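J.: As a plain string of letters, each chain reads:
2 protein chains.
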Amino acid sequence: MNEHSAAEEAGSRQSRRRGREHHRGAGAGGLQQLPRRAITRNFPPTQIVSADQLETIHEASLKVLEEIGMDFLLPEARERLKAAGAEVKGERVRFPRQLVETALGTAPSRFTLHARNPDNNLEMGGAHMQFGSVSSAPNCSDLDGGRRPGTHADYRRFLKLCQVFNCIQFLGGYPVEPIDIHPSIRHLDALRDAATLLDKPFHAYSLGKERIRDGLEIARIARGINRQTFEREPSLFTIVNTNSPLKLDNPMLQGIIEMSSANQIVCVTPFTLAGAMAPVTVAGALVQQNAEALAGLVMTQTVRPGAPFIYGGFTSNVDMKSGAPAFGTPEYMKAVIVGGQLARRYNLPYRTSNTCAANAVDAQAAYESVFSLWGVTMGGGNMVMHGAGWMEGGLVASFEKFVLDCDLIQMVMEFLKPLDTGIDALGIEAMNEVGPGGHFFGCAHTLARYTNAFYAPLISDWRNFQQWQAAGSPEAQHKANRLWKEALEAYEKPPMDAAIAEELDAFVARRKEEGGAPTDF
Amino acid sequence: MNEHSAAEEAGSRQSRRRGREHHRGAGAGGLQQLPRRAITRNFPPTQIVSADQLETIHEASLKVLEEIGMDFLLPEARERLKAAGAEVKGERVRFPRQLVETALGTAPSRFTLHARNPDNNLEMGGAHMQFGSVSSAPNCSDLDGGRRPGTHADYRRFLKLCQVFNCIQFLGGYPVEPIDIHPSIRHLDALRDAATLLDKPFHAYSLGKERIRDGLEIARIARGINRQTFEREPSLFTIVNTNSPLKLDNPMLQGIIEMSSANQIVCVTPFTLAGAMAPVTVAGALVQQNAEALAGLVMTQTVRPGAPFIYGGFTSNVDMKSGAPAFGTPEYMKAVIVGGQLARRYNLPYRTSNTCAANAVDAQAAYESVFSLWGVTMGGGNMVMHGAGWMEGGLVASFEKFVLDCDLIQMVMEFLKPLDTGIDALGIEAMNEVGPGGHFFGCAHTLARYTNAFYAPLISDWRNFQQWQAAGSPEAQHKANRLWKEALEAYEKPPMDAAIAEELDAFVARRKEEGGAPTDF
Numbered sequence: 001m002n003e004h005s006a007a008e009e010a011g012s013r014q015s016r017r018r019g020r021e022h023h024r025g026a027g028a029g030g031l032q033q034l035p036r037r038a039i040t041r042n043f044p045p046t047q048i049v050s051a052d053q054l055e056t057i058h059e060a061s062l063k064v065l066e067e068i069g070m071d072f073l074l075p076e077a078r079e080r081l082k083a084a085g086a087e088v089k090g091e092r093v094r095f096p097r098q099l100v101e102t103a104l105g106t107a108p109s110r111f112t113l114h115a116r117n118p119d120n121n122l123e124m125g126g127a128h129m130q131f132g133s134v135s136s137a138p139n140c141s142d143l144d145g146g147r148r149p150g151t152h153a154d155y156r157r158f159l160k161l162c163q164v165f166n167c168i169q170f171l172g173g174y175p176v177e178p179i180d181i182h183p184s185i186r187h188l189d190a191l192r193d194a195a196t197l198l199d200k201p202f203h204a205y206s207l208g209k210e211r212i213r214d215g216l217e218i219a220r221i222a223r224g225i226n227r228q229t230f231e232r233e234p235s236l237f238t239i240v241n242t243n244s245p246l247k248l249d250n251p252m253l254q255g256i257i258e259m260s261s262a263n264q265i266v267c268v269t270p271f272t273l274a275g276a277m278a279p280v281t282v283a284g285a286l287v288q289q290n291a292e293a294l295a296g297l298v299m300t301q302t303v304r305p306g307a308p309f310i311y312g313g314f315t316s317n318v319d320m321k322s323g324a325p326a327f328g329t330p331e332y333m334k335a336v337i338v339g340g341q342l343a344r345r346y347n348l349p350y351r352t353s354n355t356c357a358a359n360a361v362d363a364q365a366a367y368e369s370v371f372s373l374w375g376v377t378m379g380g381g382n383m384v385m386h387g388a389g390w391m392e393g394g395l396v397a398s399f400e401k402f403v404l405d406c407d408l409i410q411m412v413m414e415f416l417k418p419l420d421t422g423i424d425a426l427g428i429e430a431m432n433e434v435g436p437g438g439h440f441f442g443c444a445h446t447l448a449r450y451t452n453a454f455y456a457p458l459i460s461d462w463r464n465f466q467q468w469q470a471a472g473s474p475e476a477q478h479k480a481n482r483l484w485k486e487a488l489e490a491y492e493k494p495p496m497d498a499a500i501a502e503e504l505d506a507f508v509a510r511r512k513e514e515g516g517a518p519t520d521f
Numbered sequence: 001m002n003e004h005s006a007a008e009e010a011g012s013r014q015s016r017r018r019g020r021e022h023h024r025g026a027g028a029g030g031l032q033q034l035p036r037r038a039i040t041r042n043f044p045p046t047q048i049v050s051a052d053q054l055e056t057i058h059e060a061s062l063k064v065l066e067e068i069g070m071d072f073l074l075p076e077a078r079e080r081l082k083a084a085g086a087e088v089k090g091e092r093v094r095f096p097r098q099l100v101e102t103a104l105g106t107a108p109s110r111f112t113l114h115a116r117n118p119d120n121n122l123e124m125g126g127a128h129m130q131f132g133s134v135s136s137a138p139n140c141s142d143l144d145g146g147r148r149p150g151t152h153a154d155y156r157r158f159l160k161l162c163q164v165f166n167c168i169q170f171l172g173g174y175p176v177e178p179i180d181i182h183p184s185i186r187h188l189d190a191l192r193d194a195a196t197l198l199d200k201p202f203h204a205y206s207l208g209k210e211r212i213r214d215g216l217e218i219a220r221i222a223r224g225i226n227r228q229t230f231e232r233e234p235s236l237f238t239i240v241n242t243n244s245p246l247k248l249d250n251p252m253l254q255g256i257i258e259m260s261s262a263n264q265i266v267c268v269t270p271f272t273l274a275g276a277m278a279p280v281t282v283a284g285a286l287v288q289q290n291a292e293a294l295a296g297l298v299m300t301q302t303v304r305p306g307a308p309f310i311y312g313g314f315t316s317n318v319d320m321k322s323g324a325p326a327f328g329t330p331e332y333m334k335a336v337i338v339g340g341q342l343a344r345r346y347n348l349p350y351r352t353s354n355t356c357a358a359n360a361v362d363a364q365a366a367y368e369s370v371f372s373l374w375g376v377t378m379g380g381g382n383m384v385m386h387g388a389g390w391m392e393g394g395l396v397a398s399f400e401k402f403v404l405d406c407d408l409i410q411m412v413m414e415f416l417k418p419l420d421t422g423i424d425a426l427g428i429e430a431m432n433e434v435g436p437g438g439h440f441f442g443c444a445h446t447l448a449r450y451t452n453a454f455y456a457p458l459i460s461d462w463r464n465f466q467q468w469q470a471a472g473s474p475e476a477q478h479k480a481n482r483l484w485k486e487a488l489e490a491y492e493k494p495p496m497d498a499a500i501a502e503e504l505d506a507f508v509a510r511r512k513e514e515g516g517a518p519t520d521f
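Protein chains in written order, with this note's numbering: chain B, 1 to 521; chain Z, 1 to 521.
Rather than coming from a laboratory, the hints here were simulated on the basis of the structure. Check before you lean on any hint, since a few could be wrong.
[Said to hold, decoys possible] Pairwise CB distance ranges, derived in the manner of DEER restraints:
no.: 1; chain 1: B; residue 1: P149; chain 2: Z; residue 2: H439; range: 26 to 34 angstroms
no.: 2; chain 1: Z; residue 1: A470; chain 2: B; residue 2: I179; range: 33 to 41 angstroms
no.: 3; chain 1: B; residue 1: P418; chain 2: Z; residue 2: F441; range: 42 to 50 angstroms
[To be verified] To give an idea of the chain Z side of the interface with chain B (calculated C-beta under 8 angstroms), a few residues:
no.: 4; residue: E331
no.: 5; residue: A357
no.: 6; residue: F440
Keep in mind it's a predicted model, so treat the numbers as computed, not measured. Every residue gets a Cβ at the ideal spot worked out from N, C-alpha and C, and that includes glycine.
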C-alpha cells in the first residue's frame, strides 16, 4: 500500500468512526438524504409520436441497415455476422431485416445487474429507473480548486461521492479520467477502486480485448464467484459508442464480443448529434441512432443469443453557429422521448442521460439538466448515465454539479413516489378540526406528519430575502460546494472479504507486471 | 399628458423607427425570439392517480362542501346561494352536491378571451396553453438597481416586456405593484397602461365592486365595443383567491358577482399551502383546493349560468422548519398534475403557475421553475400565470428572471411542436450522401435546413470554456440582464384608435375626479 492510500485508509477509518457516531436517519455520517430505494414509474411514459410515426422510423432504420449498412472494422466481427447471414463487402456490413428480427427475439427484456452487495443489485428494464455518475470527463472542477485535468485523487473522490449518495445506484465509467495513471494500467487501478471503494455495480470501458477481459475478471473476483455463476449473473456493463455515422471500431467490437460471450451487459449507444454525426433533423438522427443500435444488438445476439443488451440513445443537436454540442434542449427532449418509444417497441431496457452544456453551475446548468431529466423521466428512461456531475457537454465533472444533480434526482424520485390518497391523507378530519379561516400549523393531523411530510432539499434556500442577504447572499453553487465536502466526510468504505481484497490486489499486481494493456489502437 | 409619459412617448416613437429599421425575422426591433403562435399539446396529459383515486378526491371535496361548508362573508352572495338551494347559517354556506353538479353542467368547457387586437385572442381550455407575466409582486429587482418596492415606472417596463415577447400571451395582474400611485386610483392608471401599452388580454383585481367595474369599463372601451358585444365576448379575467381555508371575502365575492354578471372570466384559485392553509398532505390540500374551487364555480354559475370559469390550482408545500412557502417541489409537481386531472374531470379550463422560491437568479431559481413547468405542461395546464419573472415565492418580479423564463417557455413551446417524421426529415438521402464515417455539416440535407433547424436559445452559452472564460465567465443571469434591456429597446407601442384612446383617458380622468375606489375593506 502506498502512502497515498495509507493516508486515505486512515481517513476512512476516522470517517467510519464519525459515521457511526452521527448515524441518524437516512444518511451515512449524518448526511441528509433520501434512503436507498428502488425507483419505479407508476404511470406510462409519454408518447410524442404515433405508432405509425414510430413504424416509419423503424422501417427507415431497417432500410439504412439493408441498403447502406455499417462499417465494422474488426474482421472477426464481420466473419461472425457473415456466418449469421449478413452481407459483407470489405468493411461494409449490410443487415437483412430478418437478422434484426431474430436478434429482437433473443434479447432479454429484463435482467439483473449484480453488485458485490446484493442489496445494490439493479433490475434493468420495465418501469425501473437507475441513476449513475457522470462518466469519462477529461477534467474535473470545483469552486475552490478550479477546473483541472483529472487525477487519481479526484477520481477516487468522485467514487466516494457515488457510494455516499443513495440516489446514485451505479458507477458509470470514470467520473473523471485519472490521467496521472499510465493508460496501460489505468483501468486496473480504476476498476480496483470501483470494486472496493463502492459496493454498487460498475462499468468497464471497451478499449480493447485486454482491458475488457481485465474488467470482467475484476468484477468476478469482487463478487467472490466463479466463472459459471458470473456468466449466469451479469455483474458488469459496458457502454459501446458506435462511431456515428454508421461505423463500429475494433475496441468497441472487441468489447461486444468479450462481454456478450461472458453474458455481461452491453449498452450500445450511438452518439448522434444532429447536424454533425447524424442528419440535421431530429427524426433523421433517430433513424440513424436506431439503425446503429439495432446493428449493435445484432452483434451481441450473434455472439451469444440471449446476452443482455440495453438500447442506448444520445441524440442531441448542435449550435449551428459553432458546431458545439447542445444539451437539455427541446430537440434533446424529443429525441429522448421517441428513443424510449423505440426501446419499448423492441422490449429492451433503455439508456438515457442527464446532460447540460453550461460552463458554470448557474441557471443554465440547472435548466438544461432539469429539461434533460424531464425528457428522460417522462420518456421512460431506465438506466440514466451521467446522472450527477456532468458539465460542459461532458468535458468536466463538477463536484458542485454532482451534489446539485443528486438533489434533482432525489426530487425526481419523490415525484415518482405514488400519491397517498388514503382516508387519512385526504385530511377531512384536519379540515374539520381547523375549520374555515383557521390554520393547519398546529393541528393534530399536521403535528403527526410534519417532520417528514415533504421532501427536504439539499440545495434550495427558502429563507426570506433579508435572512438570505444577511447570510451573505449564498447561491446554489455555494451551498453545493459545502455539501460535497460534507458528503466526502460522510463516506464509509464498504466492507470487503479480506480474501477477496487480496485476490483483487494480486490480480492487479500481476497484470501490471505483465505490462497491462496495449496503448495504441 | 404629463412629462413622464411625454418622454416615454418620444422614446416609443424612436423605438418604432428603430424597430422598423431592424425588423428582420421574428422579432420587433431585431430581438431574436420565436414568432407568435398558438401553443397546443399533441399528447395527452399525464395521470399520476387512477380514476378511482380521483373520484376519492372528488367525493371528499363534496363531503367538505356538504358537511363543513365555507364562510362567505358577503351577504348578497349568501342570499344568492340560499336562493339557489345552499344551506346558509350565519356566514357558513353548505353546498348540497346537486348544486355542484348543476354548476358543472352549465359552466362552459371552452371559450375565447378576447384582446383588443383579435390576433391576440386566446382559446381557453382543451389542449391550448398560454403563458402570462408574473403578477402581484410588491417588489421588483434587477442586477443593476437591486431589489426595490414597485413603482409605476417599473410596472410600465414590465408591461412593455410582456408586449415584446411573443411567448407571453397575456398580462396577468400587475407584474409589480406600482405602490407610488395612490391605492384609490392605482387600478385606473395601471389598467389604462395595460390597455394601451399592450394589445394582449389583461386582468383586473377583484378588490371591491368599484375597482372591478372600472376594470370592466376599461376593457370594454379598449376593445371599442358596446356592452352587449362585451357580454358576448369575454374580454377580461380576474383571479379570485379564496381565503384558504374555506373562506371567501367581500372583495373577491363582489368580483365574482360583477364579472360573472357581465359574462367575464372568473378563475377561482385557492392558495392551499399544505401544512399552512391546507392539510399537510398533498391529497388533503387537493381536497380542500377542489372544494374551494367548486364552491367558487357554484357562485359564478348561480350569478349567471354559463359564465366562463377557469379552475385554478395553487397548491404547494411549505418548508416545515420555517413555514416559508416552497415552490417547484415534488409536492408542487404532483399537485399540479392531479389538479389537471380534476379540471379535466370537470371539463373546465385549468390554471396553473410557473413558480420558484429562490432569492437569486441562480441554479435554484432555474430548477424550481423548470420543475414547475414540467408539472404544468405534463399536467395539462391551460392558462399559466406567473409565466415569466417570478422570484422569492412571489415577493419579487425580476427583470432577469423574466427573460430567463421567456427562454424556458420558448423551450416548452418548441418541445410541444410536433416532430416532423416526413420522408425528408427521416434523412435517408443524407445518410446515403454522407456514408459511414462521414460528416453531416456540409451535406445538402444539412445546408438546406441548418439556419433554423434547432431552437436558438436566448440564454444558453454553448461556447467552450476557454472562449467563455476569455469573455469574462458570464453566467446566465448576466446574459439575462443584457437581454431585458435589449427587449425594452425593441418595444413598439401597439397602435390604438385615437377616439378610443381619448375615451379611455376621459374615463380615467372622470373616475379620478370622483375619488376612484374606496381604500379600506
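J.: Hints first: check each against the structure and report whether it holds.
T.: Results of checking the hints against the structure:
With their beta carbons about 28 angstroms apart, P149 (chain B) and H439 (chain Z) fall inside the hinted range of 26 to 34 angstroms. The beta-carbon spacing between A470 (chain Z) and I179 (chain B), approximately 24 angstroms, falls outside the hinted interval of 33 to 41 angstroms. A hinted range of 42 to 50 angstroms for the beta carbons of P418 (chain B) and F441 (chain Z) is consistent with their spacing of about 47 angstroms. Here the hint on E331 (chain Z) is kept, as its CB sits about 6 angstroms from the closest CB of chain B, short of 8 angstroms.
Hint status for A357 (chain Z) relative to chain B: holds, with the closest Cβ pair at about 5 angstroms, below 8 angstroms. For F440 (chain Z), the interface hint holds, the least distance from its beta-carbon to any beta-carbon of chain B being 6 angstroms, beneath 8 angstroms.
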